[in-house]
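Please model the entire structure based on the sequences and the hints provided.
Okay, here's what each chain looks like letter by letter:
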Amino acid sequence: MTRRRNFLPLVGLLVCLFALLSYPSFFARFPGTRDVPWVNWLLFACGFALLGIGLVRAFGRPERHGGQIAAPILVALGVVLGGFFVYLTEVASRQLPASASAPKVGEKAPDFTLPDVHLQPVRLSGLVGTPSASWVLLIFYRGYW
Amino acid sequence: MRSFQERLHDFDARRIRLVAISVDPPETTGEHVAKMGWTYTFLSDPRAEVIRRYDLLHPDGGEGGDIARPAEFLIDPGGTIRWTDMTENYWVRARPETVLEAFDQLAAAAAPPSSPP
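Protein sequences appear in the order of chains Z and C.
Taking this note's numbering, the leading residue of the first sequence gets 1, the next gets one more, and so forth.
Taking this note's numbering, the leading residue of the second sequence gets 1001, the next gets one more, and so forth.
Since the hints were made in silico from the structure, they are not lab data.
A portion of the hints provided could be inaccurate.
Claimed, not checked - Just a few of them, taken from the derived set where beta-carbon distance is under 8 Å, the chain Z residues facing chain C:
1. Ala28
2. Arg29
3. Ser101
4. Leu119
5. Val122
6. Gly129
7. Leu137
Each residue gets a CB set at the ideal place from its N, CA and C atoms; glycine is no exception.
Structure, rendered in structure tokens:
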């Protein structure tokens, strides 16, 4: 019987890599897959399953499948990618300032004037209560630098 | 940002003006907004003066230095804040439907339906 190459761990690692990269680049754009990154968790689960099956094949039936050296390395890399994903979505993103002095419900919104994309100055107090829009939703966002 | 654009008609119907603020300069924001097709108001606070006044500065939070932490404030016609959201995780942000629900509850509380005779 000829020994076959064991591609499963490599495929598993690539799935893990896709699971990591597709969150900031794509799935985080949509609230349904952003707030709880279930698609990416599912992709990681598939990646780990493939890595696991590949590892079992490499050591369970070494006479048929290769990968005794590569499979453990690829599994370790997959775990590192999974760990980085958890760090990215649950640790790093929670390092936010306390913002204890931020305006609270019931307080007047501090007035300001800032330029819009056409460099025209826009004043908050000039927006609230106007005939075209009486309420204002301020959305502070991180920006795209 | 995209999800708010998709629900813009719901905000227009309630006469809520959407105003987004970041440290990005007007040119950068203008290019990005035009590319994405977003039509509500985007303001630039490159020196983070307003962001500081609202105590939302995230020092060195971005690749370019200081940025704003995500936060939303719903302001009534009198200029008073009626609802806020301060996320604990910047991947988890207020959804347009959450803001619309909060507005509808505020509006219902301000003008209760007349009781039947």
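Q. Is the shortest C-beta separation between Leu137 (chain Z) and chain C less than 8 Å?
A. 5 Å, holds
Q. Does the CB of Gly129 (chain Z) sit less than 8 Å away from some CB of chain C?
A. At 4 Å from the nearest chain C Cβ, Gly129 (chain Z) passes the 8 Å test, so the hint holds.
Q.
Restraint: Arg29 (chain Z) near chain C, CB-CB cut 8 Å. Satisfied or not?
A. 6 Å, holds
**Q.** Given hint Ala28 (chain Z) near chain C, where the shortest CB pair must fall under 8 Å
**A.** 6 Å, holds
**Q.** When the least beta-carbon distance from Leu119 (chain Z) to chain C is tested against 8 Å, hint result
**A.** 6 Å, holds
(Q) Less than 8 Å between beta-carbons is the criterion; does Val122 (chain Z) satisfy it with respect to chain C? (A) 6 Å, holds
Q.
Just to be careful: measuring from the Cβ of Ser101 (chain Z) to every Cβ in chain C, is the smallest value less than 8 Å?
A. 4 Å, holds
Comparing the model with each earlier hint shows no violations; every hint is respected.
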